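There are 2 protein chains.
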Amino acid sequence: MSVTRSGDGLAQLESLLAIGGPKLTRRLAQAERRLCEIAESHGPGLGRHAVSTLGAGGKRLRPLVLFLCAGESAMRDAVGAAVAVELVHMATLVHDDVLDRAPIRRGQTTVFKAAGRGAATSTGDYLFSRAFAELVATGRPEAVRTLSDASTALARGELMQRGDAWSASVSPDRYILRCELKTAALFDAACRLGALFSEPSSNGTMPAAVHHLGAFGARIGVAFQILDDVLDVSGPAERTGKHRGTDLLDGTITLPLILARERDGDLRDLDLRTAVTTPEQAASVCDRIALTGALADSREEALGYVAEAKAALGELDLPERQRRALELVADGVVERYA
Amino acid sequence: MSVTRSGDGLAQLESLLAIGGPKLTRRLAQAERRLCEIAESHGPGLGRHAVSTLGAGGKRLRPLVLFLCAGESAMRDAVGAAVAVELVHMATLVHDDVLDRAPIRRGQTTVFKAAGRGAATSTGDYLFSRAFAELVATGRPEAVRTLSDASTALARGELMQRGDAWSASVSPDRYILRCELKTAALFDAACRLGALFSEPSSNGTMPAAVHHLGAFGARIGVAFQILDDVLDVSGPAERTGKHRGTDLLDGTITLPLILARERDGDLRDLDLRTAVTTPEQAASVCDRIALTGALADSREEALGYVAEAKAALGELDLPERQRRALELVADGVVERYA
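Chains A and B, in that order, are what the protein sequence lines are.
Mapped onto the working numbering, the consecutive letters of the first sequence carry residue numbers 26 to 363.
Mapped onto the working numbering, the consecutive letters of the second sequence carry residue numbers 26 to 363.
Okay, chain A solo, but in the shape it has when bound (with noise of 0.2 Å):
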């Protein structure tokens, strides 16, 4: 239930890129010239942390969807949000490898190994308020408030997870709401965000594309999060990044162990806390998980997320180029590593 550790890859990146043509491509760069700025202008020290986290990189998948959602009227500020959107999601990426003791993230040596968890806590805290300086800056509290709720359900769904850690009785729903909170909300605020940031069409019908484009987002948010869980269940590790399991030796609860509960006896009944504490032990229950066929109905889950998010796009009277490439998006959630 790690949003990024195994990686945001998303292969149709070229093909966005060509879909959104050389206005995308400059609109992320100076995004992330500012991601830079905001790292090296404050203190040698902090500097140093900040800059060595935000160079790890990833993908920028949340940028990336809130520029496409954008389109191509997308204003100036558009790059403002999508900066606050991505440090947010730096934020929580640096607490976590605080709390799991992560010494590599996307193949790099996190904040906490290097520097201690002092420092890293502290690196998470400046990252949360450089971002909502950059939404003031754009001088419209809608943008800030649409931060603050989805920082807020950021917060929830966490703390509900390591509630919820070891636990034999999470339901699909309340899984589903804690991939809601956790991970959903920033995609739907970088969407919406996107729609806020995108200079108002003389039709009027602003209101309709913030709330179905955050709709869009919520949904591909829910499925990027399902994949993720699956890939943590299925590997290849040597494309993950990471062993398989690692949710189980965590304890977090996820879709497939659920469904995979459901289905067989034993494994309802294995206490993960004593019965999964060796990598070995992980991927021997992550093949027994994968024998009931849960990874394939998790996947169909998913993919029901994403035909949501496409039928949430149906709502609005997009330019065909600016459909194409949300689409592209959240076929690509599903699609990572297939």
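Treat the hints as calculated values from the structure; they're not laboratory data.
Be aware that one or more of the hints could be misleading.
Identical copies go unnamed one by one, so any copy, or any two together, can satisfy a pair.
Said to hold, decoys possible - Here are the simulated lysine to aspartate or glutamate pairs, DMTMM-like style, with alpha carbons at most 20 Å apart:
{"#": "1", "residue 1": "138", "residue 2": "189"}
{"#": "2", "residue 1": "138", "residue 2": "125"}
{"#": "3", "residue 1": "335", "residue 2": "224"}
{"#": "4", "residue 1": "48", "residue 2": "352"}
{"#": "5", "residue 1": "267", "residue 2": "291"}
{"#": "6", "residue 1": "335", "residue 2": "189"}
{"#": "7", "residue 1": "48", "residue 2": "312"}
Because the structure is a prediction, the values reported are computed rather than measured.
Given the structure of chain A, go ahead and fit chain B onto it with the hints provided.
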């Protein structure tokens, strides 16, 4: 260098409430209610942790200062601003407790102790998010920017403190800079926000009020931190609620130690990391610091900041009651447990 481990005890609170009158008492009660609402309104899991954090109380010194700066004409939105400042303060405390593995704060079990590192980190993040949401609701971008800048400063100060831990070469200037970032920035913000959420006076002096009240806040913030660091050395433990010398055990280099090292060669050569590992050793080094006269000189330094704070008030044409109340706060931060 922990901002509130030794409490925000202000002996003059009752006098202040008397000067501030029923309106101040009412605003403080409104802020308290709002803090509880925020704590309780977000799911049973998070609510429980947040409520325990909020309930641990403290003297609400930052909201108090904010309301005093807003004065008689404090607007309703001053309550939201006060709540926001207190939420940021609490968020940093919750994160500090995780880093310090602190089981108790203000006589109450910490979120860290009650619910673990993960829940405490999330609770801190949640309180941060809610802080910004409170300010956004006021519809004043400059207010959000003020808080965002202060939060950034806090994170920078925290990072600086962790980076300087155990160092033998922290200068008094560097120590003061750390106080400005880690502590004074939020007092500065509280005072600026108070000025912002006060009805503009007919003579249009508001920008001056924001500036000078901010300066007032920054000065009392530095004085507050110096005194906190003096109390860590002087005790008495039964008043501060913690052993003497916890900063020494943490490797936190504070003004009393810096000044004492200039005067006592043995202290200068002491490696805290190896020589101070038990509360008894810490108490003994505290005695040695006291013998150099460094505590009196640190207190003198704090009094200098209090004088500067009062001088900043002198730049403004404040109602007599308001000035008297603010001066009482300024005196109060260096008279704790005197």
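Practice task
State whether the alpha carbon distance between residue 138 and residue 189 is at most 20 Å within one copy, between copies, both, or neither.
Solution key: between (27 Å within a copy, 18 Å between copies)
Handout entry: Up to 20 Å CA-CA - residue 125 versus residue 138, copy category
Key = Both. Shortest intra-copy (11 Å) and inter-copy (17 Å) distances satisfy the 20 Å Cα cut-off.
Handout entry: Homomeric proximity label, residue 267 with residue 291: Cα distance no greater than 20 Å
Key = neither (26 Å within a copy, 51 Å between copies)
Problem - Within, between, both or neither, where residue 48 and residue 312 count as close if Cα-Cα is 20 Å or less - result: neither (45 Å within a copy, 66 Å between copies)
Practice task
Go through the copies and call it for residue 335 and residue 189: within, between, both or neither, with a Cα cutoff of 20 Å.
Solution key: neither (31 Å within a copy, 52 Å between copies)
Exercise for the section: At 20 Å max between alpha carbons, let me know whether residue 48 reaches residue 352 within a copy, between copies, both or neither. Expected result: within (19 Å within a copy, 56 Å between copies)
Problem - Intra/inter-copy verdict for residue 335 and residue 224 if alpha-carbon distance must be at most 20 Å - result: Neither, since 23 Å and 49 Å both go past 20 Å.
This entry does not satisfy hints 3, 5, 6, 7, going by the numbered hints stated previously.
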